[in-house]
Amino acid sequence: MTFRRRSTFLKLTVPLLVFAVVLGTLLLVNRAPDSSAGGRADPRADLGPPPRNTQELIESLQRRVRAEPGEATGYAQLGDAYLQRTRETGDFGFYVRAERTFDEALRRDAQNVEATVGEGTLALARHDFRAGLRQGERALLLAPETVRPYAVIVDAQVELGRYADARRSLQEMVDRKPSLASYSRVSYFRELNGDLRGATEAMRLAVSAGGGTPENVAFVQTLFGDLRMNAGDVVGARRAYGEALASDAGSLPAQAGLARVDVARGRLAAAERRLRRVTERLPLPIYVTPLAEIELVRGQRAKAAGDLDLVRAQRRLLEAAGTRIDVDLALFEADHGSPRRAVRFARQVFAAAPSVRSADALGWALTRAGRPGEGLRYARRALRLGSVDPSFHYHAGMAAHDAGKAPMAGRELRKALSLNPSFSPFHAQRARRALRRLQ
Amino acid sequence: MKKLSLLAAIAAAAIAVPLSIGSSHREAPNISLDPSADNTDTYAFTAKNAPGALTVVANWQPNQVANAGPNFYRFDDDARYYVNIDNTGDGRVDVRYRWDFKTTVRNRNSFLYALPGVKGFGDPKLNVIQRYNLQLERISRRGGRTTIRRSTIATKVPVAPSNVGTKTFPNYNVFTAGASRGLRGGGRTFAGQRDDPFFIDLGATFDGINIRKGTGNEGEGREDIAGTNTSAIVLQVPERQVTRNRRAVGSPKAGNSVVGVWASTDRRKLQLSNGNFDTRSHSAVGRRGARTANRFVQVSRLGVPLVNELVIPLGRKDQFNRTTPNEDAARYGKFAIKPELAAVLNALFKVNAPENNRTDIVQALLQGLPGLNEHKGFAKGKAPAVDTLKLNLGTPPAAGAENRFGVIGGDMAGFPNGRRLGDDVVDIELQVVAGFLKGNKVPLGDGVDRNDKAFGDTFPYLALPQPGNDAPGRTEESHAPVPAGGS
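Read top to bottom, the protein sequences are chains B and W. All letters in the first sequence, in the order written, are residues 1 to 439 by this note's numbering. All letters in the second sequence, in the order written, are residues 440 to 926 by this note's numbering.
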């Protein structure tokens, strides 16, 4: 009796474990966390409850891959959770973990779609857009009816400057599933094409759709604020950044957005304080450079020099670590470092990914290196989609100015300032000076 | 000093992590989760206190905890939420109900959801309020032409808000009673936060202990959904509004007695192309012609519980969610008739679950059981396999206590004849996949038998949402082994 009972128990327990893991996995996918609630301090929660934030999701998936070490999907989802954690913390150590985890998944199942999408996303984050495109296309071949590979494909095509392909892929993506992920990409594509109102409408839909994590929602709320800012609606932008912070109190992009609002309102000291706090958390060039520029405008040369050194030190370290140069570093060198190095960087960036953003950076580097004729050629390439990015027009205007093409210079500089008079306190000043010289 | 520490931080990050950082390229999220649109559970039953009416519960946004603020759970104002009825059995919608939500923020300068002591929906202390209009749509198809007739049956109904806590909502129960409204043409509607009625032992699976006691049906499972809330829509309408001849159901044998029910969500389509834009555009946009077409596409649906989770392979889920039940047999029939799960169980552990030709599963979950909830007008056992919850409106509600095993437990008013809130669909489907209907009665179960909170006897039936962060989960009490079928 005892024996029979025991064998029944074993016979049932193991298959049920398989069932439960399958069911648990699927339910986890379908009923996953969507709350910013902090850690639960419930001593009775001895076993994994449904995770309520990315950290809990990571812990839950770690338990799962331990329980089911032969199964690929758990590893793929754990890799995705690490990628999300990078977004939330700025701790790029999670990238390395994500890479190892996706590798684990693909070792168990070379055809695993989620892990392939994950590797593609990771390649994009590392600015290897060609590898990202390959992975995205591979994932789509493996699972032609799914949506997620399209996000990787679209992002890669946009960064590679393949806009006609990107348009087709993105239309297919949003036809298959309108959601935060696809709406926000439609918005960016429209923005790149100069359709600010269409971009705003798509981003509004992305915000309304919401997402699985507060960081994702705060991210699109911030982008919505940026679009309002570019449309000259400072009040609307301020509200959007505030809503982003209400979704995710730790959102650094939203804090940087509020700093832009401060700049637009002429409150440079407040903007400086805010950006200072942001860079203390995360000293990225996209935050440190504007901080230094505000300090320059405020006449705090020593402080600015210190911050600019920070970017340089960071660049050297990254370079030593074999990182890919990106557009931001090329622009930084053009504005605050060595224009010749900027040209070298920008050529690398443009060769790897000939997007309008790369063309803009290369054009600006050439202009700053004293070759405004060539600079203007690339500035025109940057504007070919009809971009309404004030800095693109500023760069084109300055190139035309230096190349002696006064009418175009006046047109482009006025355009930059009319799109957003405070697009950069530092460069707006220069644009106004150049305009005065033209008159 | 500060500079030094910053440099040290960068050095640590950069040396440890040979990766590029500082990207300004747009790293938009690529999430597979879409909680505001993804349906999680659908229920359809005849309520004991409402004979002659169809009652439907449809849920979105699971795992809500009450302290999630300051942004709380809302329906998506730009999505359309549907409860669909097929009254002929072809898997096409004949009658559907559509909820359109609109959020109002009373004080745009405040990011607060509500101030303490909210008395009613009109109280300005309630800063964020969502309301909806409910439309009834009748779809008719003649000679390839589809006609939709719409009528509005409720307007500006308030949504029961997230239960932030007893300070903000001193009397949440009384307060949200105002979220239940009567409908033009009869019936009631409710939308808003409630306790998630789904129950399962989910967490244990990840520690590899899944069955905590005996064969799985002896209790002691831990209900992991306990204490979490969901965004629910509850609808109760007179049967004559949904039956094929628009008459009340005379008996379980009546030709109009069976309806198929599922919930779905649509989102707005967007066009990228510069030409050929839709002139019905709801907003005039941009000189370059990127238009927001006033068209919608289905992004999620849910009929029979766990079909999406257990039958549809991962690579087909997106497709499943954008297609309609009338295409199910052709697209997904093969996954149900030869369920991977049954094969896995047998290959490894010999529980004698039949692996092939599982017409019993197709019948129980997708076609309806002949003589019970199979649509009338087809030869016995020949109704199309469609993923809808098929409910015979003529089946009287259980006279006494409901049996959580539903039909396999001898209680004909339960799952898969519709689905009641208390039906233990995890245990039922486990046993059905193991071959219960083919005589292979294995007492499988997850050890959780019921929801952590009791359901109400009256509309909207769901339990009140859990306030605050007091979400401990619930452990099933120990009880004697329950044989297969629960009898």
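It cannot be assumed that every hint is accurate.
If you only want the chain B side, here are some residues facing chain W, beta carbon under 8 Å, derived [claimed, not checked]: (1) Ile58; (2) Val152; (3) Glu172; (4) Tyr183; (5) Ala202; (6) Leu268; (7) Leu417; (8) Asn420.
Since the hints were made in silico from the structure, they are not lab data. Every residue, glycine too, gets a C-beta built ideally from N, C-alpha and C.
query = Against which earlier hints does the structure fall short, listed by number upward?
reply = Per hint list: 1, 3, 6, 7 and 8 violated.
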